[in-house]
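Hey, can you work out the whole structure from these sequences and the hints?
2 protein chains.
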Amino acid sequence: MGIEDGWSRVAIEDLQPRIDGGRFPIKRIVGDMVVVDAAIVSDGHELVSSVLLYRREADAAWTEVPMKPLGDDRFRASFRVEELGRYRYTVVGWVDRFRSWARDMVKRIDAKQDVEVELLIGMALLEDAATRARGDDAAALVAAAEILRAGGTAGAREALSDELAALMTRHGARPFATTWAPELVVVVDREIARFGAWYELFPRSAAAEPGRHGTFRDVEARLPYVEAMGFDVLYLPPIHPIGRVNRKGPNNDPVAAPGDPGSPWAIGAAEGGHKAVHPELGTLEDLRHLREAAAARGIELALDIAFQCAPDHPYATEHPEWFRLRPDGTIQYAENPPKRYQDIYPFDFETDHWKALWEELLSVVRFWVDQGVRIFRVDNPHTKPFEFWEWLIGEIKRDHPDTIILAEAFTRPMVTYRLAKLGFTQSYNYFPWRNTKPEIAAYLTELTRSEVREFFGPNLWINTPDILPEYLQFSGRPGFVTRAVLAATLGPSYGLYGPAYEQCVAEPLAPGREEYLDSEKYEIRHWDWDPEASGSIAGVIGRLNRIRHENPAFRANHDLRFHPTDNGQIIAYSKRAADGSGLVLVVVNLDPHHVQAGYVELPLEDLKIDPDRPYQVHDLLTDARYLWHGARNYVELHPDGYQANIFAIRRWARTEADFDYYL
Amino acid sequence: MGIEDGWSRVAIEDLQPRIDGGRFPIKRIVGDMVVVDAAIVSDGHELVSSVLLYRREADAAWTEVPMKPLGDDRFRASFRVEELGRYRYTVVGWVDRFRSWARDMVKRIDAKQDVEVELLIGMALLEDAATRARGDDAAALVAAAEILRAGGTAGAREALSDELAALMTRHGARPFATTWAPELVVVVDREIARFGAWYELFPRSAAAEPGRHGTFRDVEARLPYVEAMGFDVLYLPPIHPIGRVNRKGPNNDPVAAPGDPGSPWAIGAAEGGHKAVHPELGTLEDLRHLREAAAARGIELALDIAFQCAPDHPYATEHPEWFRLRPDGTIQYAENPPKRYQDIYPFDFETDHWKALWEELLSVVRFWVDQGVRIFRVDNPHTKPFEFWEWLIGEIKRDHPDTIILAEAFTRPMVTYRLAKLGFTQSYNYFPWRNTKPEIAAYLTELTRSEVREFFGPNLWINTPDILPEYLQFSGRPGFVTRAVLAATLGPSYGLYGPAYEQCVAEPLAPGREEYLDSEKYEIRHWDWDPEASGSIAGVIGRLNRIRHENPAFRANHDLRFHPTDNGQIIAYSKRAADGSGLVLVVVNLDPHHVQAGYVELPLEDLKIDPDRPYQVHDLLTDARYLWHGARNYVELHPDGYQANIFAIRRWARTEADFDYYL
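Residue numbers (our numbering), protein chains in the order written: chain A, 927 to 1589; chain B, 927 to 1589.
I should point out that these hints are in silico values taken from the structure, not numbers from a laboratory.
Fair warning: there could be bad hints in the mix.
Intra- or inter-copy, both count: the list cannot distinguish identical chains.
[What the hints assert, rightly or not] Here are the computed lysine-lysine pairs in the DSS-like style, where the Cα-Cα straight-line distance is at most 25 angstroms:
{"id": "1", "residue 1": "1281", "residue 2": "1323"}
{"id": "2", "residue 1": "1265", "residue 2": "1038"}
{"id": "3", "residue 1": "1265", "residue 2": "1033"}
{"id": "4", "residue 1": "1534", "residue 2": "1201"}
{"id": "5", "residue 1": "1265", "residue 2": "1201"}
{"id": "6", "residue 1": "1033", "residue 2": "1363"}
{"id": "7", "residue 1": "1323", "residue 2": "1201"}
{"id": "8", "residue 1": "1363", "residue 2": "1281"}
{"id": "9", "residue 1": "1323", "residue 2": "1038"}
{"id": "10", "residue 1": "1201", "residue 2": "1281"}
{"id": "11", "residue 1": "1033", "residue 2": "994"}
Shown next, in the form of structure tokens:
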């Protein structure tokens, strides 16, 4: 620094939460607290005071919250985010002359020193603050100065109240104060950004009768089925016209037969592109009707954003400058050499015309937002530039802060996390490949107990049309139950692709592949929409989602913790609601083939359970109740049952004198 | 970001080393390496290339070093700092079209695809790069393009050499590149900033005969004594005129008797202030002579900077505006209520005239720099503003980058570290209060294995005129040996205040106090300057400092590591020279009262010692040699000996066929 810059006496370090030095926002849900910590010091022996400042980004005025010392020069304060959108926060620290004066005054008086001059110093500080205050505050400050003037040492003791200290924190001078820069940002979303069960289905497979192309009207008829399973979000793969040029046949055959429907992700044909509806699905009006019918059942519709084109997308002829031209004059198709995807033209984000391209893609999202859609799943975001997403999401959320955007970021960890930092509300993640006890515990601990939790919203998808995890290929129905229990209880948000999932479809494209045989991506399937159909676990899923809604612990993940068991196939974890209430304990058998039994060990003291008294564990899946006692208790989990216990833990609350029951 | 800002395709995260997001420089010694790591990613599947850029701050041109991938999207490169002063570094990453093209070309050729169009793309990339290159590079690029044109597939294979890839990293286009901002800084110091043994003495106690005030000439006469002990730096407490107003008497008596010399830290009197020499010590010319005489013996002189005034300092009358006035018109003396230090006026750094004050204080340091002094110890830096020090040290080191400034920062950890970040070369620290095995291991691990090592230069002072650590009060001579061995081998820099230390002076001012009785701060002492004097450990210290100079391991601390022993009183640690050579193992008995014995356990594999063969440990203190074998070996340490082994470990290097000895 140069001497011309002026200076401040206070240093602020390690302000938390703060992502990459403040480059990226943290995320919260309406009603959440933001707890802010910082290390704040000054030179010398005077006391430092500090306040947390916060405001809605749109507002000019800050609200101040005094910070409390935690010891070791750390301070803390918090604020609640009450509204959707963006908030800002920062911290101010200063050398507090009045509090230092008051602290020293007590010592001087105790040492029976002459404090005449010190009383004059205190009066001057109070009178100076009074000039900055108004009304009652100003009067109180003047009165305090008067007490010092009139009362001498006795007056000083009288004046040294906590109330006066608080007034002086508000109105006292803050010379050479330091304000943390740059200001930090919180993005505040709706609760469904954190807590929701997602269901994916292909509308074209939604017809009641075989052989007919399903429509939005058919999807409407499936809503009771989805509602019975308790899902909160219904996500549809792309609903746009599907390209005919180089269309893929069943099982990704490079040659389609006449009548093959093609992949919905090969977007665009003569009928239109990203703002059009595939005519066989119905009309835009039908889509709006579906959205409203779903909403009436408490189900929110989510659409897919896949920024890529079929060769016959109108963009390819209207805007060839948005694609990369090969030296032979053709448009560059998608490749992962030596593989060629000649049914897909990726956009060339490096085009000289990138601004027009970006604006057009933004207009695509705006178009669907204008139809009332507020949840989007973005296909392969990691193959488009980071800064494009930061810009697009920022634009959309500025006007519609209720928008939620899920990243299909199946890529390397740093890229996945980067996309979340850039603005994606939620993200796909590695849950499909975390199947053993140590894998699950390590991964969920990373997601919930590290800095990652400040910006990354994991949505635990169990399967997708692209991913039939190896575990499910060999597990039979018990494994589908296990993974559903894990997803539904390990994550406030989870998702599955059905009816393939609840009907336990497990046949891969080929041994060693994690793709579905006869995938709906390339063909229309006909499903039995009876939730009671033989082999369907729709009932289990419905029960899980009901438990999630009835127990607030499943809405949060801030204190998810894993507990030891003496059986490597049994995983146990507990969690609580955001307010600390509603402790639940989940115990899952990861072995789909055998009965597994063992002891679960709970940290009773941390969980505030009396080690000397029994406590009740109430299995929310079966409604069975057990009395447990002490830290180690026995569990036995059968593949032909739920594979799991989801226990609400109820502590003994009264003595036998009450003849009363558990809380 | 706004769409108008332009954009880049690469994200760089977690660039290391970097202190507080780049707010502060890291520190190095001339000849050191700076190893730079970063996580660098792009969207999509193309390859990312990156280079480290570095330059002396004074130079405009960057030097580029290609970064090597470490896996998981991390990259590394390094550079050597060859000159004193400040360097800058940063990292650039970009999507490397040529390397991506080359990678894909191999796959295409292996898959026997038609690559005609791809060859054209490669040629265009090469020809484009050739326009940016000159001379041989340009010719090589044109030639490579020609090979592609002429050779087809075979030509492509021929062109895909590492040399061509390196050429293309240098000259290829770097579209949408990302450069890390802000640039990061390295401050490069002389070796003595890291490696040096410091000796503090009071010149006024340096007279050969009792009863006479010592002078700089007397200190010159003590140089052979200091040299025999092997010290590198001779540090003198303040040498300025001492105030007479409110002068303190012996043992901090608030009333001085006539003839009491006062504390050298009560600076300023009629004879002058911070730029004057106390007449009883001699003249400025005498001081310069002492500095040169010391230098001739390889000892560098260090002076004290104590920015505070006695009441009769000329500043108090010439610049009352630099002090705080109390409401009664008097100048505010130093206080730590209820304690009053009426012999000291602190500067009021918040004065409206702070710029003039800061400039004057800078001129004080410049004055002594102009006398040839380049090492300063700053008294109580934590009671002056942080930003003042950052500015002052920056100004001094800009003109004199060979200046070394030691902070007497006995304060809370965050303040101590903050001062180091702001520019202090070295710092006092908590070593005097780290006496047990776990205390020592935890503290030195924090200093040498955490981020702290990038900016904090610990100088392990064993005692000071203010601090007679409790351990030494009860340890007798063996404890003085123990602490000297620890300081000299745990830290490349250490210091002690003598002759009190080597003569094992241990009487405190009062029980439970860590101050010296009859401290030299307030009175002149007479010392026996015979290194062979009864009870003196000057010989031990001389041996330690010789070992430090002869074994490069003691010049560095980058890989200091502690090893298990089965005796809580025996601590063991090893270290190596910066180039990895010269392994030493130090084993110390922390118990000054009893013989202690036990087993030391070494990680043979990490230390590259063959577990199946004996190795030699050579005690540099006693010259004894032992053959050890395997991981666990026995030691026995006697309080009447050195209390320690300082082993050079020599591995068996040849077979018996050589009839040769140890390396």
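Outcome of the hint check:
1. In this homomeric assembly, residue 1281 and residue 1323 come within 25 angstroms of each other (Cα to Cα) only inside a single copy, at 19 angstroms, whereas the closest approach across copies is 48 angstroms.
2. Taking the closest pair of Cα atoms, residue 1265 and residue 1038 come within 25 angstroms of each other only across two copies (12 angstroms); inside a single copy the shortest separation is 88 angstroms, beyond that limit.
3. Proximity of residue 1265 and residue 1033 under a CA criterion of 25 angstroms is satisfied inter-copy only: 9 angstroms between copies versus 80 angstroms inside one chain copy.
4. In this assembly of identical chains, residue 1534 and residue 1201 lie within 25 angstroms of each other by CA distance neither inside one copy nor across copies; the values are 55 angstroms within and 66 angstroms between.
5. Within a single copy, residue 1265 and residue 1201 get their C-alpha atoms no closer than 29 angstroms, and across copies no closer than 78 angstroms, so neither meets the 25 angstroms cut-off.
6. Taking the shortest Cα distances, residue 1033 and residue 1363 never come within 25 angstroms of each other, neither inside one copy (59 angstroms) nor across copies (38 angstroms).
7. Taking the shortest alpha-carbon separations for residue 1323 and residue 1201, only the intra-copy value of 20 angstroms comes in at or below 25 angstroms, while the best inter-copy value is 63 angstroms.
8. For a Cα distance limit of 25 angstroms, the shortest separation of residue 1363 from residue 1281 qualifies neither inside one copy, at 48 angstroms, nor across copies, at 64 angstroms.
9. In this assembly of identical chains, residue 1323 and residue 1038 lie within 25 angstroms of each other by CA distance neither inside one copy nor across copies; the values are 63 angstroms within and 48 angstroms between.
10. In this assembly of identical chains, the alpha carbons of residue 1201 and residue 1281 lie at most 25 angstroms apart only when taken from the same copy (19 angstroms versus 64 angstroms across copies).
11. Taking the closest pair of Cα atoms, residue 1033 and residue 994 come within 25 angstroms of each other only inside a single copy of the chain (23 angstroms); across copies the shortest separation is 61 angstroms, beyond that limit.
Violated hints, listed in ascending order, are 4, 5, 6, 8 and 9; each of the other numbered hints is respected by the structure.
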